[in-house]
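Novice: These are the residues of each chain, in order.
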Amino acid sequence: MTSQTTLLADDASCPASRSLWQLGWQRLRRDRIGLTALWVVLAFVLLALAGWLGLAGSHWRDEVAKPNMPPALFKDYGPATVELTAADIDAAQQHNTSAADASAATGMSAEDDPLAADMAAAQTQAAKAAPLAVTPANDSLLILGSDSRGRDVLQKVIQGTATSLLVGLSGALLAILIGTLLGALSGYFGRRVDDLLMWFYSVFTSVPDMLLLLAFSAVMSRGIDTVIMVMALTSWTGTYRLMRAEFMKHKGREYVQAADAIGASHRSRMFRHILPNVTHLLLVQFSILTVALIKYEAILSFLGFGVGVSQTSWGAMLAEAPAELLQGYWWQMAAVTLFMSLLVTAFSMLTDSLRDALDPKVK
Amino acid sequence: MMKKRILVATIAALAAVGAQAADMNKVLHVAFNVPETGFDPAKVSDTYSGSILENVFDPLVTYDYLARPAKVIPNTTVALPTVSADGKVYTFKLKPGIYFAPDAAFKGQKRELTAADYAYSIKRHLDPTINSPWSFLVDGRFVGADALVKAAGKGALNYDTPVEGIKVLDKYTLQLTLNEGNYNFLQILAMPAFGAVAREAIEAYASNTNAKPVGTGPYTLKEWKPGNKIILEANPNFRKLVINGQTLPKVGRVEVSIIEEEQPLWLAFVNKQLDISGIPQAALQEALVIDPKNPLNVKLQDKYAKQGIQLERKKDLEITYQFFNMQDPVVGGDAKEKIALRRAIAMAFPRSETIATIRRGQAVPVNYVIPEGVAGYNPAFKGAVKYDPAAANALLDRFGYKVGADGLRTLPDGKPLSIEMATGTSGIDKQWNEYWQKAFDSLKIKLTFKYGKWNELNKANRQNKLQMWGLAWGADYPDGENFMQLLYGKNAGDANSANFKNAEYDRLFEASLKLPDGAERNKLYDAMNKIVAAQQPWIFGDTRVRSQLAHRYVKNFKLHPLLNTTWRYIDLQK
Amino acid sequence: MLAYILRRLWQMVPTLFGVMLLLFILFNWVGGDPSYILAGKSFSAETLANIRHQLGLDKSLPEQFLIFVQQVLTLDFGTSWSTQQPVADILGSRIGPSLTLALPMLLVSLLLSVIIAAIVAYVRGSLTDRIVTLICTLAMSVSALVYIIAGQYWLAHKLGWFPILGWSDSLATNLWLYVPLPLLLGLVVSLAPDIRFYRSCFVEEMNHDYVRTARAKGLSEQVIMLKHVMRNALIPVVTSLMMSLPYLFLGALLLERFFGIPGMGNEVLNAVDRSDFPVIKAITIYVALATMLFNLLADIVYKLIDPRVQLK
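For the protein sequence lines, the chains are U, L and H, in the order given.
The opening residue of the first sequence carries number 487 in our numbering; numbering runs sequentially from there.
The opening residue of the second sequence carries number 464 in our numbering; numbering runs sequentially from there.
The opening residue of the third sequence carries number 134 in our numbering; numbering runs sequentially from there.
No lab work stands behind these hints, which were simulated from the structure alone.
These numbers were taken from a predicted model, which means no experiment stands behind them.
Every residue, glycine too, gets a C-beta built ideally from N, C-alpha and C.
One or more hints might be untrue.
Unchecked claim - Listed below are the simulated PhoX-like cross-link pairs for lysine-lysine, each with C-alpha atoms no more than 20 Å apart in a straight line:
| # | chain 1 | residue 1 | chain 2 | residue 2 |
| --- | --- | --- | --- | --- |
| 1 | H | K350 | H | K360 |
| 2 | L | K878 | L | K922 |
| 3 | H | K174 | L | K953 |
| 4 | L | K766 | H | K174 |
| 5 | L | K953 | L | K551 |
| 6 | U | K552 | L | K901 |
| 7 | U | K552 | L | K799 |
| 8 | L | K913 | L | K901 |
| 9 | L | K735 | L | K907 |
| 10 | H | K291 | L | K922 |
| 11 | H | K350 | L | K922 |
| 12 | H | K291 | L | K928 |
| 13 | L | K769 | H | K291 |
| 14 | L | K489 | L | K777 |
| 15 | L | K777 | L | K1021 |
| 16 | L | K735 | L | K769 |
| 17 | L | K617 | H | K350 |
| 18 | L | K778 | L | K534 |
| 19 | L | K907 | L | K865 |
| 20 | H | K192 | L | K735 |
| 21 | L | K735 | L | K1021 |
| 22 | U | K614 | L | K675 |
Unchecked claim - Here are some of the chain U residues that sit facing chain H, going by a computed Cβ distance under 7 Å:
| # | residue |
| --- | --- |
| 23 | Q579 |
| 24 | Q580 |
| 25 | T583 |
| 26 | R678 |
| 27 | L682 |
| 28 | M684 |
| 29 | V693 |
| 30 | L700 |
| 31 | L804 |
| 32 | T823 |
| 33 | L824 |
| 34 | F825 |
| 35 | T831 |
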């Protein structure tokens, strides 16, 4: 990754103008693969949006079917396992209690229990109230089958898309923000600032990623925000290097010196003048990072640092895969792999196309 | 250099003399799913290291391999010890002619096991510089030992100072004198932690006793790659041990691999890279046909039965429980509304469902602080509340835990109610957390999780910072006292992780200590269990039933309720 | 050149100091207290205090940091807190297996990816190019976790082509018996991105003016490809290679866990799990040193390949 960015830094040696974006869009429109990839990515973003807004996949925690039911199309390709239920355990418990034990059955009697009266009242009250509607385990088939708790894998994978995409996009965005800000300061001001930030950078790159990861996730609680933070904190370095090189190159250019001459402040020179000329690189960097982070999340979840129990993600689903595969339940892994590879492939192709389309050297 | 060669030659000669029963060409392959820590009996306390200790060291007494319930029998002693009338003085007579495994520390001499070795090994658990994890079993137990420990201060114990309670009468006679009579003393001495070490060996390898276990047991440590592989070889000096006409051990080499992931562990067994293995949770249904009418009634799946794979099962001597911190201002306390809160949470937890799905039916619900197989257990007692989320909600309503505008309950005084549960980060933890989340959702109580490594959570709990956490307790010795002490007020903050302090419970516990196992003590235990049920410091969990598999060619395969391993009895006939 | 190298080496000192500071802060903040593991399941406050004293955890933080500095200067990290084995022994036994897996993987991957990338770059725009690029993109899109789980399940278990897992003391046995499957799975994960990256480097070079000039001069395509394009495109290849070297030590964590390879990756995970600070310290410092040295090496090689590069 790092070397890729060095390369990018090298090839964008001439300043890009605003029209580069228009040019890029024109080029992208002519690129059939790139355009298709763009539509696929957009479709995923829409799906994720629907997931965030609760329009799709919001019922993923509902236990709607029998556990571990294979997908509708492959209903005969699942293992023939009998799934136990709570009722089985209760019945067996009753059955296994010997007659002698049953007759001698003791426990806390009413006089031992400080809550005896309240318990009795609560129980009558509960019995009087309409019994909780017990949704019977549904036999109807699900397109992508169900997981070990009888949840719809399709709902899960949609919710997972929303989470993983959110994690990937915001993680990448945050990493880009940190990297750009530090890179800009470092490249633009040089000297002491650069020395300090370069030191910071080399320290961060020298400590093994995994250690940082384990450390960061140990302090923070589980949740999407933690995963995003951890990812941003461990992956801003590539962008920093790239932006530092770019800002160093650009600050000597005439247009920046011209801005200096008309009295533009440092901030204005950095972010109003130089930044727009390097955004095309950031866009490419952003999509590379997004893909990397989406895959990174899977590994994080597997190591136990993923999202909490009230959320799900592709990584959280994949983390269940080893245990499921051992039992012959292949569909959750297949569904996630399908969704993930579709998005990642489209994203990678889009990145390629963007790189070509926004390359100022290609005429 | 020359000297070394001579030494090697002597060792080889000694090896030839020893009554070597084991076939060095037979290699038993087994696996642990958690890394071990080391092999110094006074320094390690995890089961996995203990399994190795069990095979390298010899405690004074051990358990009969075949007798059920477990029965203590002499190991390196000629008979069980003679006990004085007041139950305080134990006299052990060692069998002469038991030798330590050959080791460079003995400078080529054959080293006999003596009573002094046991005295030394027991004293090591008291040594302040060793910090034995088992010191709680010996602290204050032996007459005169406290003075010795006090004299040592922070430094090493003076092992040469005579101690009244740990006395060597002659080369083969050891006398242990207790401050108070104790009905579990022999079972404590049967633990692998109390195997005999040789002082020369410990001193020779002082800096690294964990890697150099030298004992009199059937195996010696041949090679250790921490966290990856442990190789044991038959001890050439092992005494002649004949059981049912067979001289032990049979297998010359035991290779233990550490395999932490479930998939490779299970596949390695199926593909015969392992000879014996447990069944990981994920593979339970793949390996076993579980009868839904009685989930504990299982048989091997046909494909495995046809291969002649053998199945052995045992119910663990353990309980699992989710405790409330009784000193916590939100979930603790003995006010009625606090009990109601704890009771409601217990009533909302779908325990049977977790046994069905997470345990795959391979566990039984806990209804008594003491599990089956441990003295004092009462099968008739039903200590757990019935699963009834509707009644739980009604109970909370009655005590003023009102549902607020955000759909969540508040405390009776109107302050927000949020409960934090400590948890690990593994995949299995997550499965449990899903059920806890569901239980709290059904009560409309806000639940958050505090994730951490075991030691961090343990520290937090000792500092009184946790509200709830799930733990398991396995028997150190099969007596009810080992379990009932988990709620004894004086152990609060230590083994009593719930910080439960109940004067009546403590009084009953202290009274029970003075009684042997029997109806009278059971009556006290029942009364204490009623207090636990009423106060609800715990939500009872389950007791697991473990399955172990062995391939067709593994002979004499049988599990023992207390011994971790039975390698010395096993034979391989491929 | 020598002066440059010396200066760069000197610059490593503050970086190393930074690494130590970061590590020290992180561990004291989140690392966990190992005395709670060592004390067993039931213990007194004195036992705990004793253990903390023996581990040196009762010293003040500056004092502890000073000891750390001393350890780094002597490269002697003492003994592990959990198993009490000398840290040097632990790392010594871990590095071999890590390299036994990583080096062949690196070599095979480098060889295959450069060759394939050169071929597809040469025929860029053709059907072959598109198919290879597509396959690579698809292969990249699947999580490494899926490859490992599925690979072990089907290739080793169902088909029986490889052992499920294992490791021996003999290098030969490891190489022909235990390494092939993890190597293969590692390749699938690393090959695709490498091919894509190298292809883009080659294509980049081919678009340069000098290639057109060479072509105009009538040089054959092979000569251009081998003598000019390859040579220049090697710069990013070498840089990326150097950069990836430190990852060899820790990168194969998942492979190690699933295939029973006693490497460094799993050691770090276990050390963090047990709050075994000496082991964490040692591994971090060594990996940091390796990273810095390889960075320097990359710059030097860079200079050797391309004399135009100014070292400053």
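Novice: Confirm or reject each hint.
Specialist: Checked hints:
1. H:K350 to H:K360: Holds: K350 (chain H) and K360 (chain H) sit about 14 Å apart, inside 20 Å.
2. L:K878 to L:K922: 28 Å, violated
3. H:K174 to L:K953: 16 Å, holds
4. L:K766 to H:K174: 41 Å, violated
5. L:K953 to L:K551: Violated - the C-alpha atoms of K551 (chain L) and K953 (chain L) are around 24 Å apart, more than 20 Å.
6. U:K552 to L:K901: Status holds; Cα separation ~18 Å.
7. U:K552 to L:K799: Violated, at roughly 40 Å.
8. L:K913 to L:K901: It holds: about 17 Å lies between the C-alpha atoms, which stays within 20 Å.
9. L:K735 to L:K907: 50 Å, violated
10. H:K291 to L:K922: With Cα atoms ~45 Å apart, K291 (chain H) and K922 (chain L) exceed 20 Å; violated.
11. H:K350 to L:K922: Not satisfied, since the Cα-Cα distance of roughly 76 Å exceeds 20 Å.
12. H:K291 to L:K928: 49 Å, violated
13. L:K769 to H:K291: Within the cut-off at roughly 18 Å; holds.
14. L:K489 to L:K777: 27 Å, violated
15. L:K777 to L:K1021: 10 Å, holds
16. L:K735 to L:K769: Between K735 (chain L) and K769 (chain L) the Cα gap is close to 15 Å, so the pair holds against 20 Å.
17. L:K617 to H:K350: 86 Å, violated
18. L:K778 to L:K534: 17 Å, holds
19. L:K907 to L:K865: Holds, at about 10 Å.
20. H:K192 to L:K735: Roughly 51 Å separates the two Cα atoms, so the pair is violated.
21. L:K735 to L:K1021: 19 Å, holds
22. U:K614 to L:K675: The given pair, whose Cα atoms are some 68 Å apart, is violated under the 20 Å limit.
23. Q579: This hint is violated: Q579 (chain U) lies away from chain H, its Cβ roughly 30 Å from the closest one there, beyond 7 Å.
24. Q580: At about 35 Å, which exceeds the 7 Å cut-off, the nearest Cβ of chain H leaves the hint on Q580 (chain U) violated.
25. T583: 32 Å, violated
26. R678: For R678 (chain U), the interface hint is violated, since the closest Cβ of chain H sits about 13 Å away, which is over 7 Å.
27. L682: For L682 (chain U), the interface hint is violated, since the closest Cβ of chain H sits about 10 Å away, which is over 7 Å.
28. M684: Since chain H brings no Cβ nearer than about 9 Å to M684 (chain U), farther than 7 Å, the hint is violated.
29. V693: 6 Å, holds
30. L700: 5 Å, holds
31. L804: OK, holds: L804 (chain U) within 7 Å of chain H, min 6 Å.
32. T823: 5 Å, holds
33. L824: 10 Å, violated
34. F825: With a minimum Cβ separation of about 10 Å from chain H (threshold 7 Å), the hint on F825 (chain U) is violated.
35. T831: Result: holds, 5 Å to nearest chain H Cβ.
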